[in-house]
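Visitor: Line by line, the protein sequences are chains A and B. Anchor point for the first sequence: position 41 equals 76 in my numbering, and the numbering is continuous, going up by one each time. Anchor point for the second sequence: position 43 equals 102 in my numbering, and the numbering is continuous, going up by one each time.
Errors might be hidden in some of the hints.
Claimed, not checked - Pairwise CB distance ranges, derived in the manner of DEER restraints:
1) Asn246(A) <-> Gly172(B): 36 to 42 Å
2) Lys263(A) <-> Ile235(B): 31 to 37 Å
3) Phe264(A) <-> Phe195(B): 51 to 57 Å
4) Ala83(B) <-> Asn246(A): 32 to 38 Å
Keep in mind that the hints were calculated from the coordinates and are not lab data. Note that the structure is a prediction, hence the values are computed from the model and not measured. Using N, Cα and C, we set each Cβ at its ideal position, and we do this for glycine too.
Each chain is listed here by its residues.
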Amino acid sequence: MSISNSTIAAGDAPAVSRRPSKVLSRRRRKIQSALVAYSFIAPNFLGFAVFTLGPILFAFVLAFMHWDGSNAITFAGLDNFWRLFEDKVFIAAFWNTIIYTVVSVPATLACALGLAILLNQKIFGRDFFRTAMFFPYVASLVAVAVVWNMIFNPEMGPVNMILYTLGLDPKDMPGWAADRHWAMVTVILFGVWKSMGYYMVIYLAGLQGINSELYEAADLDGANAWQKFVYVTVPQLGPTTFFVTVMLTIQAFKVFDQIYMITQGGPGTSTLVLVYHIYNEAFISWDLGYSSMIALVLFFLVLAVTVVQFRRQRED
Amino acid sequence: MKIAGRKVTANSIAVYATVIVITAVMLMPFAWMLSASLKLSRDVFVFPIEWIPSQPQWQNYVDIWTKIPLGLFIYNTSKLTIIVTLLQLLTSSFAAYAFAKLDFPYKNTLFLGYIATIAMPWQVYMVPQFLLMREFGLNNTHLALICLQAFTAFGVFLMRQFYMSIPTELCEAARIDGMNEYQIWARIMLPLSKPALSTLTIFTFVTTWNDFLGPMIYLTKTELKTIQIGLRMFISQYSAEYGLIMAASVVALIPVLIVFLSLQRFFVEGVASSGLKG
Numbered sequence: 036m037s038i039s040n041s042t043i044a045a046g047d048a049p050a051v052s053r054r055p056s057k058v059l060s061r062r063r064r065k066i067q068s069a070l071v072a073y074s075f076i077a078p079n080f081l082g083f084a085v086f087t088l089g090p091i092l093f094a095f096v097l098a099f100m101h102w103d104g105s106n107a108i109t110f111a112g113l114d115n116f117w118r119l120f121e122d123k124v125f126i127a128a129f130w131n132t133i134i135y136t137v138v139s140v141p142a143t144l145a146c147a148l149g150l151a152i153l154l155n156q157k158i159f160g161r162d163f164f165r166t167a168m169f170f171p172y173v174a175s176l177v178a179v180a181v182v183w184n185m186i187f188n189p190e191m192g193p194v195n196m197i198l199y200t201l202g203l204d205p206k207d208m209p210g211w212a213a214d215r216h217w218a219m220v221t222v223i224l225f226g227v228w229k230s231m232g233y234y235m236v237i238y239l240a241g242l243q244g245i246n247s248e249l250y251e252a253a254d255l256d257g258a259n260a261w262q263k264f265v266y267v268t269v270p271q272l273g274p275t276t277f278f279v280t281v282m283l284t285i286q287a288f289k290v291f292d293q294i295y296m297i298t299q300g301g302p303g304t305s306t307l308v309l310v311y312h313i314y315n316e317a318f319i320s321w322d323l324g325y326s327s328m329i330a331l332v333l334f335f336l337v338l339a340v341t342v343v344q345f346r347r348q349r350e351d
Numbered sequence: 060m061k062i063a064g065r066k067v068t069a070n071s072i073a074v075y076a077t078v079i080v081i082t083a084v085m086l087m088p089f090a091w092m093l094s095a096s097l098k099l100s101r102d103v104f105v106f107p108i109e110w111i112p113s114q115p116q117w118q119n120y121v122d123i124w125t126k127i128p129l130g131l132f133i134y135n136t137s138k139l140t141i142i143v144t145l146l147q148l149l150t151s152s153f154a155a156y157a158f159a160k161l162d163f164p165y166k167n168t169l170f171l172g173y174i175a176t177i178a179m180p181w182q183v184y185m186v187p188q189f190l191l192m193r194e195f196g197l198n199n200t201h202l203a204l205i206c207l208q209a210f211t212a213f214g215v216f217l218m219r220q221f222y223m224s225i226p227t228e229l230c231e232a233a234r235i236d237g238m239n240e241y242q243i244w245a246r247i248m249l250p251l252s253k254p255a256l257s258t259l260t261i262f263t264f265v266t267t268w269n270d271f272l273g274p275m276i277y278l279t280k281t282e283l284k285t286i287q288i289g290l291r292m293f294i295s296q297y298s299a300e301y302g303l304i305m306a307a308s309v310v311a312l313i314p315v316l317i318v319f320l321s322l323q324r325f326f327v328e329g330v331a332s333s334g335l336k337g
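So that you can see chain A by itself, here it is in the shape it has in the complex (with noise of 0.2 Å):
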């Protein structure tokens, strides 16, 4: 492409040169500039092109094939479509996707509002305590997923050593990961553990964005603290919850390494979701065009959350 583009640009040259015409040299200026502002998104966009658009592309086309990798390609029509409802697997995969949200999305807001709340007052090392909270976010998930598997071991870990000194009876003693009640909880725990932090950064800048005369003429009115951040606080935080909200849905359909490291999915499929059922599909099963299938299933709900954040920001 660029070699026809230096020919045209050469072999115009000298026809402008001997008729400078202005019309002509300002649509010779006006292709000049393109080239040199392509020339700025090339190197980027031809990565991003072939290695994020093509493949999306082309995940649309395998859902609709049967594929095993090595062999011929075959077109399935919606075979694949039609196999998620008969797939145990697939239900309790979209199932476990929806319960981990469902909870983990209001847990997670709720700590990191209330860390936000505590941690946007006047108090000594708040920096400090500011970067503690985060650091787990940055901290990397197979080494604090290890840790995390350790002290939740059921028989020698220590949470469960505490309540037992507590006066619990070690039958009633949570099994955590090893438990299919207990393992949702436990990769949901961790989850919210690992996350809080960086939602509590952008509830943060939230609060400081609310304008100071508002608490100042809820104080006149006699309002008590907890008034306050029911009339001021949570209304004013209206536009920061729905983004978080919004983050936190998106992130939590994609669930992947701490149940990976976690339970793998188990015990029997008791925390397996979408992304795990997607990743045994292709690279357990080599079954390329299902995975795709399942795929395409994460995509539709992330996309339907993304269109209800593109609607309520209009309305903004």
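Go by the hints and put chain B onto chain A.
Guide: Relative to the frame of chain A, chain B by itself:
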């Protein structure tokens, strides 16, 4: 006045107590990790917890380097992270300059293409992307991970937002002075965009350093593995060597800790401003 003064004191004691308890809970796993990394495996689960080991096993930090190719894993991860971060900074700021300050045909269409993919989870297209890389013969190479992480829509978007806030008059004045667009980018835009570049650096560094699923899919040869999947491999091989596992985990955390602490001001600003846009 006196009552009010006492009320404030009681209140602030409650606030400090709450903050300290929460911070302690948040940091507990790290403290436990550090403490366990200095213990013999059989002492790791001894209860009540001995936070400061009476006989610290510094040998754990020596042994891990011989039990697994930890040095090689760290080298691989550093290499990937540095290349990806540099490419990301360079190509994103380059493209963002055109999107923010230049006019050209299909500008909005191209930019829409970037925006549309920001919300698209990588997990949706990781399988087709893997097949494409395999077609290029890139599986089991570091180049595959570089290609998939170095050209993100997020980087372009972040840099463009920052460049939009720089007055266009500055570029026009430079053009009148005879600078070409590349010089304007290099001598005016780049030096002015240090906060945005720092934000992008730390985001890219942390994501690439901590990436798990990408290396897990692409790198099956031990000598190519990154610290994250190397650590995971170590855990499954030496599942009872708790002290060693914790020591290796501490080592894996240190680089991120250093980068985060030295650039955290920019990171916090970046997170905060990305939140304000909503």
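Visitor: Flag every earlier hint the structure violates by its number, smallest first.
Guide: Violated hint: only 2; rest satisfied.
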